[in-house]
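K.L.:
One letter stands for each residue in the lines below.
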Amino acid sequence: MKNSRYLALLVVVLLLALIGTSVQAQAPIRVALVMPSSITDISWSQSIYEGLVRVQQELGGASALEIAYTEGMFDVTAASQALRDYAEQGFDIVVAHGAQYGTSLFELAGDYPETSFAWGTATDTGADRGFNNIFAYEAAAQEGGYVNGVMAGLLTESNVIGIVGPVPAGDAILYINGFQQGVYAANPDAQVLLAYTGSFGDTAAAAEVAQTQISAGADVLTGTAQQVVGAIDAIQAAGGLWFGTQADQSPNWPDTVVASQVYDWAPMFRDMIAQRQNGVLGGIVYRLTLENGGQFFAYGNFELPAEVRAAADQAIADIEAGVVYPLAFMPSEIFRVAVVMPSAITDLAWSQAIYTGLTNIQRQLGGTDALEIAYTEGMFDVTAAAGAMRDYAEQGYDLVIAHGTQYGTSLFELAPDYPETSFAWGTATDTGADLGLTNVFAYEAAAQEGGYVNGVMAGLLTQSGTIGVVGPVPAGDALLYINGFQQGVAASNASANVVIAYTGSFGDTALAAETAQTQISAGADVLTGSAQQVVGAIDAIQAAGGYWFGTQSDQSVNWPETVVASQVFNWAPTIGQMIDNILSGTLGGEAYTITLANGGLRIIYGGVDVPADVVAAADAAIAGIIDGSITVARELPGQ
Amino acid sequence: MNSTIRRLFGGDWLAALVPLVAITVAFVLALIVGAFVLAALGADPAQAYGAMLDGAFGTSTNFLRVLTRGTPLLLVAIGVCIAFRGGVVNIGVEGQLFVGAVSATAFALAFGASLPAWLAPLATLAAGALAGAAWGFVPGILKARFDVNEILSTVMMNEIAVQLLIFLLSGPMIDPEQVAQGTRVPQSARLPQVTWLAELDARSQLHVGVIVAVFMAVVVWVLLWRTTIGYRIRAVGLNKDAARYAGIGVQRYLALALTLSGALAGLAGAVHVTGAEHRMVEGFAVGYGFSGIVVALFGRLHPLGAVPAAFLFGVLLVGADKMQRTVQVPTATVIVLQGLVVIFVVSSDIFVRRWLSRRQARLAQPSVSAVVTPEVQA
Amino acid sequence: MNFGEILVEALTLTLLYATPYLYSALGELFVQRSGVLNLGVEGMMLMGAFTAIFAIAPAGLGAAPLMGVLLAAAVGALMGLAAAVVNVTLQAEQGISGIGFSLFGLGLSSLLFKVLAGGVIVASGFEPIHIPLLSDMPIIGRIFFQQNLMVYAAFALVPISAWVINRTKWGLQIRAVGQNPAAADTMGVNVVRVRYTTLLLGGALAGIAGASLSIALTGIFQENMTEGRGFIAVALVYFGGWSPWRVMLGALLFSIANNLQIWVQILEVQIGGQPIPPNLLIMVPYILTIAVLIFARQRKRLEPAALTKPFQRGEN
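Line by line, the protein sequences are chains A, B and C.
Those letters in the first sequence? Residues 1 to 639, by this note's numbering.
Those letters in the second sequence? Residues 1 to 378, by this note's numbering.
Those letters in the third sequence? Residues 1 to 316, by this note's numbering.
The hints are simulated quantities; they were obtained by calculation from the structure and are not laboratory data.
Note that the Cβ used here is the ideal one computed from N, Cα and C, for glycine as well.
Treat the hints with caution; some may be incorrect.
[As the list claims (entries may be wrong)] If the Cβ cut is set under 10 Å, some of the chain A residues that face chain C in the computed set are:
(1) 39
(2) 46
(3) 72
(4) 168
(5) 202
(6) 212
(7) 430
Start from the sequences and build out the full structure, keeping to the hints where you can.
P.N.:
What follows is the structure in structure tokens.
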């Protein structure tokens, strides 16, 4: 009797232990959200809540992922108490979905080393202060904003577009900046009307701003924060179009909302959960971009013209590839850039590349009212160039670009005299940091990469087996290109013979023509070359019926039947990043390199009918360089 | 103890206790109505209110949180006491609090680091109080000199303060790190540590501001009931014509009441930023002004009555938040509950007044200063 | 656009966006003239705003727009009744109870929005009505005669209110109760009943004001969409010195200042080559309202002497 009672007890205990372990094994992941607005705000808070719910559904519902949330936490003190409470209750991931919660978060995260915290929008995980359980996240709102802007710019019939902003800060301003750039890039004639309501939730104020913009002629609108519902209604009544952000705004106005940039927080949550399983509790900064799937586009029922959709897809692809860089900042007053360059802005090569980059950024920022470009061309005299740079700095230009390696010495001498001015020097990698300079950027092009791709094609296209290279001087950018070109030829056609001749000059077109003709006489049927002198050489190979490969700028414009492809230097993203840095208070110290991977280098084809296998080989080379399976040496053995 | 209460409340402990009972009963009645709301939302009211109690009293941390939340409310409330006692309806405490906090922040960021450690927090608080006073002085002087109604001017000045705050935090005062990181969240840089109020408990963010607030409650009580200035402020509040007849410069004391009220609201903002948050953010202390007005009335417009009232309101705030987290009802439920509590408590006043007047008639004693609702001139 | 065209557009929008202020401030005017301060307008507007959208939205009850307005008025009146019980019968401190009703309305409207609507729902409410002949007049037609029904009704309410208060027996009672409730009482006026009726009316008009926000101005509801307009309405009653006409002037002044600052923003008006920070522009209507009062002294002639004072028989 007694024994059986013990036995029963033992069974019960064992059962309980079993249940305990099985429950433990299947314990759900617990995530808590603390948000400033409501989960029905169709913007900031709704987007993260929906992202988390998506992950919950994937994992199999509430038994696998438990979600708790507290919304409407305007009061930071109340929010910090909520955060601490969730941590106290043993939630695995506690999300502070508002940058304003950061200060409190850092004060409490240390007390809960087993809990992961996440906060945004922010980039600070506190790793430098010893925190290892904080994730940070931010959204590159300007990217989706740019794409929306491109579509808006193409769809507007009145050429007037309105933006209904909440307050000029945070995520909203990033989106608004990106949107404006997209509009200007797609439609330089469009006028953008921007007004703020001064509030995040005042729907009637948003409606009034929208109607005022409509009165002023706007037929396409956008805006951010939960207030925008009022504005969407106004533009719908006026028969216009709307572009949304943060969450999909089309369900309620399917015919008015053309597209919404939607934040997809699900990948971030998936990764956080995976990281936790691997024992990583924090320290990662997530950035929602188009490229990583953190942002996607949701389209409504509006019948978007195919060319507009194509332009949007192109913009997305360009942003993903880095070819287009939407700036996070827009200058509040005119931003003044001066560039000093050795040749002319129409040189089809070196100087034209930087000038095109500048004008692209100028167009993107809204034209000459936003960005002033001053330039001095033909400055092969280094002393004269130094005088020009000093002059520009004296005149208060925000950014003075010394576009020639040869200008470096004088630049480093004058930069300390103008600590408020930002300088850029290329191609170079030295920002003068070791000299104590903090106001010099450096930039260069990985010209060997495109050289390699050009070389691969040249090797396949040559009939005679002889390829000519018309070089200026064996140094700098030209040498990188030529080195890469040789490696490319060797990779695709080991038996081809590359004949290289230097003219000793950058601008002597006649000499370049003569050099080219000499190489043609020696049997070359495919040529390449570098610097502004090459126009002479292209002319010569055209006359001979051969092929040309260009670099620095797109050279096919004048000789479409001769120029197979050009490696184009796309300096716009680099300049954009410099301007972003300057506007955020960093005047120098960074070195940029444009590559095939970051979209700074592009291969642009001309009018030649290139065989498919050659294009395929070029594509394979590009892919190989981007993914690192092909490495192109900057220098050849023996140099 | 008894003698202290007697001195404070006109020598009658029952007169102090009855309002407390009335408020408690009203509080409970409001919660009973709230229970129906909770039940309609599919939540278990018992569980919800259990969580509420647990949130406010469950652990020492929870309890201290009540004090953290109550601290700025108490300071606002005693400022409101001065205004209402002085016959002005200061709806503008919300704006005065913002301006006080942002000015304290600006002061701390500009000068805090260069001040000696004992002076830095004091000077920062003073800067906040001064700025709040200035923001209160404007409607004060408008009322005194131009006869501009203070409800109108303070409502408008609240909106102006909100926009001013956003302007400063997204422009001139923005945290340089927010610019450098490109996130540009509207918030100030962190205050230099020397300007922080000493922390009493990290987990609840409790700081010495709670002592400052209680101390100020006593100071304001002394000011209102033990000084000539206070007597005159109250005289103006009770009956302007009589005060004028007695030779009191009515306009001046109306302006003074609003200014002092603003100073305390400004101090509330400064205390909260130096004690709890350590930087100004967009959304800082939203709603504290209106809650402070409610606290003042819960305390029967008496600075010392505001002390338990602020505590009670803190219980409501902290407890209701916890309730929301536990039973996962929409946060709006918490606001509904707060509204119900305010309505019920304010409605309970009449029963206290009736009881008191009956009792007075029985005892035939002179009126009790703490429970006479002053003439609030609109 | 030239300045004239901008002004026409601005005035057109001013009339439209002044409507919520007109309804709520005129309602508050009745309440105050009877001696009660109702600071709960904000909450009543929010309840009205939600009720109206939920009533007419296809995703809600799908009723006709006018039905939405009526229901909003009914819900507002219901809150007015509650306010009357608290303020008149229970003689509560009016400044505080109003904050209570504002909180309650904010919370309950958000809660109902969450539970009943589940998220943003849309409805098309009132379309602009072009009044024949008049709407074809240049400028005047555009500004005044191409508005929606809610706008016409709001402006019609101004002379009606003035007439009711100054020319009717009920108006006389309201004024008497607001000036000297004890005297009115001895003359046989039921003070409590008059104050109940004004609060019912004030609540109903606040509800309609909310409806005009949600279904005449925007076609949606969002939590806390009034954003302080209820308090501005109360301020406008003081601005107008308790006269319906002057309250209308105040609403128009405030609204046109607000619309013009939006124009200044979108036209990128600069001062000294610098753009004006938007938040400073947004302050302008609030500053202007105060400033106008400094220069045009408030007329206190109409001020109800018993404002905020609870009435109890035999007390005075």
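K.L.:
Determine for every hint whether it applies to the structure shown.
P.N.:
Status of the hints after comparison with the structure:
1. 39: 9 Å, holds
2. 46: 8 Å, holds
3. 72: 8 Å, holds
4. 168: 6 Å, holds
5. 202: 4 Å, holds
6. 212: Constraint on residue 212 of chain A satisfied, holds at 5 Å.
7. 430: 37 Å, violated
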